[in-house]
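Q: This is what each chain is made of:
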Amino acid sequence: MAKNIKKALRDFWYGKPHTAEEGGRRLGDLHEDKTHLYKHREWRGVKDTMYYFYMIWLYNYIFMVKDVMVMGGLVNFAKGVWRYRWVGQTYLPVLHWFDRGLEGMRGEAMKASAWHYRAMVSTTIRQFQRMFAADTRLHGGKQNDLYKHTIAHNETVWGGVFYPWDGEIQNVPLEMIPYFVTCHVNSHTVLNYIDAVQSIGLPGDPCPMCQAESGIFVLDDVPDYAPAVVTCNEACDASVSTSTLQDWFFDKPLFSLPMPMIFDDPLVKKYCAREIEELWKFVEQQYNIPFSWDKLVKKLELQNELQRFEWEKWEVAGKTDYYPVNGVAQALYRIYQTQYGDWEIWHVTDKKVRKILEKCVSKKINSFPQTRHRVIAWSCAPLYYSNWCTWAYNCWGLNVIINMDSLMFDMTIRTDSYENTLEDMAQYHLWAPMRRMAVGGMKHMFELWEYMEKFNCDMVAMYDQLQCKGVQGLHGLFEDEFRDRNAKAFWIPHALPDSRTVSRAEIRRLINDYMTTVMHEEPLDPSLLDFDDSMTW
Amino acid sequence: MRDLKHLIYFENLLQEANNDLVKQAKAEGKRAIGYTCYFMPEVLLDLPGCFSVRLRAPRCTSPDIATYYMSARVCHYARSLLERALEGGFNFLDAQMATETCTATCRFQEHLQQKHLDSVKDMRIIDNDDFFCNFIDVPFKNNQIAYEHYRDQLRAHVLGGLEEHFGIDTSDAAIMAAIEQQNEVSRLINEIGDYRKLDNPTITGYEFHVIQLVSLVCPKYLILPYLRETAEEMKTREPDQKKEFRCKVVLAGSENDDPDFTKLVESCGARVVCDRYCYGSVESRQIIEVKDGEDPLMAVARHYLTTSNCPRFMPQDEMRARKQRIAELAKEYHADGVIIASNKFCEYWSYERVIDTVILKRDFGLPVCSIEKEYINSASGQLRTRFQAFVESVEIKHIQEGK
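Residue numbers (the working numbering), protein chains in the order written: chain A, 1 to 537; chain B, 1 to 403.
Chain B with its partners taken away, still in its complex shape (with noise of 0.2 Å):
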């Protein structure tokens, strides 16, 4: 296939989390909130105003002094979360919006919080003197009781904060203006994903993985011209004339924001056709939708609680809803097989990897390649080989089937 026209621009801007264009909205006067969950709604950190940063720390192998602070045995992803705030790679930031919905992120974000305790010093990690950090609490129920808990969180600690400490306008125009703005971004990166279903795709696993992952990190405002040209050059863009790749997969589970991930996978033979990690497209970039009267705060509590598919929901039937809501998705991709991928020392996705190898199996006849992986994949050997012998028994697989 041809290149993507602004794939190395893209690349390029996911080297740095202070990248080309959040340097830009920094130099017009934009406030960059940084956020690591996606129960933490980056809409409301895209109001008038500011904008919404996903951290990541690429190329950080080595957290040492992170690994002092939160011990070798706390994910990795944290821990380079931190350590690339202690190098000062997140001094940008304006502000941190925090959410409890992991135990390893939540210390991270915990170390920048100033605490003004007598118990415990400050670190001053963020050297702005403007930089405050807020936390929500994030229901683990999907009710009329946890929407309600969860406007409320929002509005006291995000749009508060907001306005507090910024002046930022929160009010439902605002908020409703920075939908349309999400909603587009959304748009543009399902009609680009929607090339995935084809049969034989004109785009990438790992390119989309890089187009979403710039979508998530980026101002929206800017990135907005780019995936528009992105989504019209898709338009016309011709797939190879022999298939190259042997299968296609669903790669599902925890935290992923290195598209050198998938492009491993994909260099072993399997097309990645749906992203349904943390950082993916299947829940982040689903529409937001306000009912008629509706207030605008309201729904987007409940977009993003009804749209996560994440392992830490309890209620039985979002248990259930998770397993079905991917053999749905490997149905809808038109997928040989699924990836379920958990970081090391993630413990949600520890547990839910064990149930998906094992229930995907047993109740939708999937065939599964359950594997552990580093926040940066230092091990590729030993993953390629996995992921060689999955494609393998997945072209075995269709080769007794007849196809």
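Looking at chain A on its own, in the form it has when it is part of the complex (with noise of 0.2 Å):
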């Protein structure tokens, strides 16, 4: 009796402990099947609890009025939930994204991670709450002066390319926050923008994350909020063929910026920097705003900032335990940070994170104390599960350390001469998401293994994007690989955006399959092993 109530007072002031030998906590049963909806939230102990309920939880949703009201209004806001689907059906469930990824993190691991999330957040309704303030459709057709101000580009355009108009004209993706960020967030909310693109047509099998950013434009689910566009043929065929639909609907002056696919080539360097270049140009005629060496090398100057700072976090990912961050919060925070370019609240962010990291280091904190393995996750990850490492920490104590998104942009720009400056911006742009390490050359896919021994992993979670042809057209190699090197590696197939494919739960029946069949292990959470999430968000 005693031994209960001092146990079920630890459990109190601590949070029940992980394992299932120890008593442990069960996470399974927290939810209600097939929503996945919290019967109860979760309980970390006193301190930890407290933390959630107040700085992400509440935080967080004071917060994300607080930004709409600063950054364009309730106004716009409450315009643009009503007219585009996608705002309206991932602004309340963003609270449920934070707890999908940080279900069962605890102490810096949970505070590290939640930062990230935050910073995402903030980015995110800042994009479209200007996407709205200068959107056309709601403004009576107006071309106001945010409209006038603002230049819009594919997702997979680098957003420093527009540093030099930093201030003047404000670059904001087409599909960043209409699709990608919201797959995210809602899993549902894309189908119907998929669905859409096929219903003109269009087979099945090409890449569901382009056929997603055709479907919105299908739809008209595109804010008109820029006079010109910017389109490249990152990452894929697909992306260059999602350009050209883009824009019979769009129907705007358009600047096509290639990216070259054989990039270790200098020569394609060269090239490279000559269209970036011609972009400048064409952004000058459009907006009539002269281009600003200063405005770069300033804004340049902050992300290498960024930059170094991650290197700090691989150096302590790759060489200690005491790493803070989680697999989905390493993985989102990294690409859009990299992708979209430098922000002020990257640098807030990144703050707040080398104080819990160097807090860790001094004091020696394991923040998963229960890892297993040490997971490198290759290629490209499920976006509607993309907190699958989440799970797979809680359920089987494989720790993701890092995964191809973060590792593609692993460089800072020089900033001493103007053509060092351009070469370096070509080479970042080369260096795109999704390119250098998933359809680029072999060589780049095969930076596995280096990857894998610098991090110290001693496990792969293979992504299968079943209709990525790049990927696929080296299965067998990997396989190949694998098998001679004796690698232990899992498959993780998965269609990007479009969880009707390979649902959730099958992703984690592969995975407990892997490990019991494969590894011979024990579940440390047997009530993760198997439970129905077929209709959360």
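Everything labelled a hint here was simulated from the structure, so no lab data went into it.
In this text, all values refer to a predicted model and were calculated from it rather than measured experimentally.
Ideal placement from N, C-alpha and C gives every residue a C-beta, glycine not left out.
Treat the hints loosely; a few may be bogus.
What the hints assert, rightly or not - Covered stretches of chain B (in silico footprint by chain A; criterion: 3 or more residues with CB under 8 Å from a CB of chain A, positions within the stretch not fixed):
{"id": "1", "region": "72–84"}
{"id": "2", "region": "278–292"}
{"id": "3", "region": "301–315"}
{"id": "4", "region": "347–353"}
Both chains come to you apart, so use the hints to assemble them.
A: Laid out in structure tokens, this is it:
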């Protein structure tokens, strides 16, 4: 009896322990079937529960309202919610998205990961509020001043190419919010867009990300917020074709920024640099605002600061057990930051995370104490289940240390001369998301081994995007290499945003099978082995 | 119509990549250079001392080993090429000149390449000690910067490779000689193809498809005599008294090196009078012009970028010009409609087909039949039904218009 009371008090103060042997927390029992809504919220111990409630849940709700008010106002937001289905369907479940990614996290891991989430939410609000504030559709067809100072571009065009107009022209990616971010938060939203483009005759096999990006145009669900558009061929054949289709719907002055495909060739870098210069001329012509070298340098140096901190994080992640950022926060924050480019919120976040990181290192805090395997996740992740790694840690002790998306832009940009800057910008542009290690040459695809060693990983989670021709075209060679190297590796089949092709439950089942039949291991938390979350966001 | 004298010979040449003329050229000491895409200028692979072979994998219906390597979700054409290579069917190749112009064929060619990396094994698929594979980057645009980049790529990776590995003469004079040879082939193919513009064409789409293909897969200097003779023969060829077709169509779309597909279309009552698809003649058989004083390599670079109608070109004007081009071809060849065919898993043409299907009908009033097909057409029953229905709809349109 006394023992039970003692345990109850300990569980109350510290939260229940992780594993079944210790009379564990059984996270799987917290949820309703199908919707995966909480029956009751997770008790993480007094300190962490209070932190989660005040500093994550409440803090973020308050800032979601405050950000909307400061960055464009409630009226524009209300009009946008009424007009565009993607924002209405994803704004309210945002905190559920936090819960999914941070489930089971404790202490510094919970705090550091949550700050990454907060930065992504803030940047997202800023972008869609800019869209709405400049949108002719929400302002009676009027092209207001914000419209005239906004440029639209494909989400895979690196935002850094617009640094020379910082403070004068705001770049807002066309698809990053309507499609990419929303499907992380609410996986159902995007399905409608995929169906829409297939309804006009597109077959089901092209990359579903591109299908969704086309579908938002087919359904006329894109704000008209800029007088000119920049497209690019990144990352694949379907991206090129998506741009083509978007152009027919948009019908605006358009600059296509090519990304050479065979990017290790020095000749190619030279060509890419020339095209970036052509883009700058296009922007000057369209907006009648001159290129500013000083602004470019200033912003690049700020971006370099972000990169240098990322390298510090990698040092800790690769060489110690004290890295406090979970797999999903690491992946999403990093790809968002590197692709969108420098912004104040990234610096604010990095400052907070640095404190946590330094604390973990100095006090030797192991934020993921139940780690059984250090995992590297390779290739493109399932957008509808980016938080699979949170589940994998809670259920099996698979700690995703690093992922391919984080590693693509592994460079700073020189600012000592125009030529060096342009050359490095071309290089950065060439190492675009999903390019370098997903559809780039074999050399880069198989950099896996190098990074596996660098991050001291003993297992590979190999994403198998079923409609990515680039990765599918190397499937057998990866199988051969895994076998020849006796590497511990499991495949995660998926269809990027389309949760109907391979469900979350199917992904979990495949990992469960691998862990039991190949690794012969027992789950840390058996309640997470099998559950139905088919209707969840 | 009377049978063409060399048609059966031509058909036999298409049964294997390593056909009789390829063997003959190899026996004469020439180097066989493979390629897959129009963006690899065949004219540069036909320099004195070597010859171009545009790769095909005829009769490959079950690419099992290639499917292990590339999965079942990649275009059948690329998998079939890899399967044929794994079977040893391309061992005659001395080099592969590769382009990253579509992901699937890029991956196929990367499998052939010896990469000399510690991170991934080389497979030595082409069992030939001399074999090498070089890649070029092909621009997505059609402007001066792109021409210069493309020229530099061709010089560094194509001419450089041929010179370094096989001592091929890549001088301007040699390039000019290759251009002249290619232009003669193009003139003959165009001369033969122009009979498709007649009210009652004296050549079928199938026959022309076969002739065009042999000009792509055989050494030019060996196929030329046969082409000359066929062009001569065409001058006196009489059409059938009664038209054997009910409408004429432009066949446009993605990779198509299967003459039986054209035969299938024609067996349903259509006559294919224009071939605007990869491996077709609309792009590849235009005359290469070298302006006075122009660097021949620059002329080649400019020619291949300006003549291509590939959907990978991204600029706005290019996208729109592609639709206009098909409409103009329909007018030039007196076609009643357009069949747009894309290979399954071809992402470029999946989208292009959707847009064509809407735009050609809406903006140009052209009837369009939009289909998805395999590399080798096993689903011919379904396709036959589609084509028959399309031909009937065109006929009904004619009746309604009082033609």
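Q: Take the hints in turn and mark each one as holding or not.
A: We went through each hint and held it up to the structure:
Figure legend: the region 72–84 of chain B, annotated as covered by chain A; annotation consistent (4 residues with Cβ-Cβ distances under 8 Å, at least 3 required). For the region 278–292 of chain B, the stated coverage by chain A is violated: 0 residues have a C-beta nearer than 8 Å to a C-beta of that chain, whereas at least 3 were required. Against chain A, the region 301–315 of chain B contributes 4 residues with a C-beta closer than 8 Å to a partner C-beta. That satisfies the three-residue criterion, and the hint holds. Interface restraint, the region 347–353 of chain B with chain A: holds (6 residues with C-beta to C-beta distance below 8 Å; minimum three).
Hint 2 from the list above is the single one not met by this structure.
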